[in-house]
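Enquirer: Residue strings, one per chain:
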Amino acid sequence: MIVMFYFFAFFTLLLAVYAVTAPNLVRSVFALFGCLCGVAGLYVFAQADFIAVAQIVVYVGGVLVVLLFGVMLSDKAVLAQVDKAVHRVFSLPKILALLSTVALAVFLIWQVMGYAFNVGAPTTVNTINNIGVNTVSVYLLPFELLAVLLLMVLIGTVYIARKGTSAE
Amino acid sequence: MIPIHHFLIISIALFCLGLYAVLTQKNMIRILIGVELMLNAGIINLIAFGQGEDAANEGQMMALFAIVLAAAAAAVALVIILKVYGQHNTIDPTQMDELKQ
Numbered sequence: 001m002i003v004m005f006y007f008f009a010f011f012t013l014l015l016a017v018y019a020v021t022a023p024n025l026v027r028s029v030f031a032l033f034g035c036l037c038g039v040a041g042l043y044v045f046a047q048a049d050f051i052a053v054a055q056i057v058v059y060v061g062g063v064l065v066v067l068l069f070g071v072m073l074s075d076k077a078v079l080a081q082v083d084k085a086v087h088r089v090f091s092l093p094k095i096l097a098l099l100s101t102v103a104l105a106v107f108l109i110w111q112v113m114g115y116a117f118n119v120g121a122p123t124t125v126n127t128i129n130n131i132g133v134n135t136v137s138v139y140l141l142p143f144e145l146l147a148v149l150l151l152m153v154l155i156g157t158v159y160i161a162r163k164g165t166s167a168e
Numbered sequence: 169m170i171p172i173h174h175f176l177i178i179s180i181a182l183f184c185l186g187l188y189a190v191l192t193q194k195n196m197i198r199i200l201i202g203v204e205l206m207l208n209a210g211i212i213n214l215i216a217f218g219q220g221e222d223a224a225n226e227g228q229m230m231a232l233f234a235i236v237l238a239a240a241a242a243a244v245a246l247v248i249i250l251k252v253y254g255q256h257n258t259i260d261p262t263q264m265d266e267l268k269q
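Which chain is which? The protein sequence lines are R and W, in order. Heads up, the first sequence stops at 168 in the numbering used here, and the numbers go up one at a time, no gaps. Heads up, the second sequence stops at 269 in the numbering used here, and the numbers go up one at a time, no gaps.
I should point out that these hints are in silico values taken from the structure, not numbers from a laboratory. This structure is a prediction, so every number in the text was calculated from the model and none was measured. Just to be clear, a hint being listed does not mean it is correct.
Calculated lysine to any residue pairs in the SDA-like style (CA-CA distance at most 20 Å, straight line) [what the hints assert, rightly or not]:
#	chain 1	residue 1	chain 2	residue 2
1	W	Lys194	R	Leu96
2	W	Lys194	R	Arg27
3	W	Lys194	R	Leu68
4	R	Lys163	W	Tyr253
5	W	Lys251	R	Ile155
6	R	Lys163	W	Ile248
7	W	Lys251	R	Leu154
8	W	Lys194	W	Met206
9	R	Lys163	R	Val153
10	W	Lys194	R	Leu99
11	W	Lys251	W	Met230
12	W	Lys194	R	Val153
13	R	Lys163	W	Gly254
Stretches of chain R that chain W covers, calculated by requiring three or more beta carbons in the stretch to come under 8 Å of a beta carbon on chain W [as the list claims (entries may be wrong)]:
#	region
14	9-19
15	26-40
16	44-57
17	102-109
18	129-137
19	151-162
Now the stretches of chain R that chain W is said to cover, found in silico as 3 or more residues with beta-carbon under 8 Å [stated by the list, open to error]:
#	region
20	62-71
21	90-98
All C-beta atoms in this analysis are idealised placements derived from N, C-alpha and C, irrespective of residue type, glycine included.
Please model the complete structure; the sequences and the hints are all you need to start from.
Expert: In structure tokens form, the structure reads like this:
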């Protein structure tokens, strides 16, 4: 079981690196697809089965389809031009970004490793049952607010995306 | 049980990859991919610290709400990218320097 965790972790990080560095945008989106599935696998090892399912349904089913639509709706020539500009050389901004990102990672890992976190022992209780009860009791107000927010997003995206706004 | 430090290190690596994408990419869809990686790093932290909770499930509930909010944000961001592309004919954020044509 421990081996499976590190397999998922390796898989996730490898695909994340490919998603960031792949020259082809569609490959990058599909690498993100695999990466998010790997993250869902990691959730299972932290006893969050329901969150893992939600991750697959929402991210893999929703966000990635939306991303692919975005890729396909943008112009091929523009995409090729942008991609070529990025992969031309190791430019100064890229090196600076790499250095600062690696520095941040090293600093964060150093901080995290030097701290003994007090986390409770893993439960044997089925958390899905608890989540169901909590959603409609303790967290009812945020749940309803989220429903209203999703309605706002639905109407707002359709309003922004409709034709003819630029002429007004 | 998996040590919590290992979850945190995976989360840090994902966050830094996302940050690198946001800093270097010249394509708004790729920047969005970086933002999604960073959001996932945050959610991994919530899940990692939420393990071992019996009744309240605060970590997992927060992660659930964060996933839904991230999906909504991605949809709005994509629509804005498409609209901006329609107006400026580019998805390079460094070339978008006008509010109105």
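Enquirer: Would you mind marking each hint as holding or not holding in the structure?
Expert: Evaluation of the provided hints:
1. W/Lys194 - R/Leu96: holds, 15 Å
2. W/Lys194 - R/Arg27: Answer holds: W/Lys194 to R/Arg27 is near 17 Å, not above 20 Å.
3. W/Lys194 - R/Leu68: holds, 18 Å
4. R/Lys163 - W/Tyr253: holds, 13 Å
5. W/Lys251 - R/Ile155: The given pair, whose Cα atoms are some 16 Å apart, holds under the 20 Å limit.
6. R/Lys163 - W/Ile248: holds, 13 Å
7. W/Lys251 - R/Leu154: Judged against 20 Å, a Cα distance of about 16 Å means the pair holds.
8. W/Lys194 - W/Met206: Holds, at roughly 18 Å.
9. R/Lys163 - R/Val153: holds, 18 Å
10. W/Lys194 - R/Leu99: holds, 18 Å
11. W/Lys251 - W/Met230: Judged against 20 Å, a Cα distance of about 31 Å means the pair is violated.
12. W/Lys194 - R/Val153: At roughly 26 Å apart (the allowed maximum being 20 Å), R/Val153 and W/Lys194 break the hint.
13. R/Lys163 - W/Gly254: Distance of about 10 Å is within 20 Å: holds.
14. 9-19: holds (count 6)
15. 26-40: Contact hint for the region 26-40 of chain R vs chain W: holds, 6 residues under 8 Å.
16. 44-57: With 8 residues closer than 8 Å to chain W, the region 44-57 of chain R meets the three-residue bar; holds.
17. 102-109: It holds: at least three residues are needed, and the region 102-109 of chain R offers 5 whose Cβ sits within less than 8 Å of chain W.
18. 129-137: holds (count 4)
19. 151-162: holds (count 5)
20. 62-71: Three-residue rule met by the region 62-71 of chain R, so holds; n is 7.
21. 90-98: With 4 residues close enough to chain W, the hint holds.
Of the numbered hints stated above, those contradicted by the structure are hints 11 and 12, listed in ascending order.
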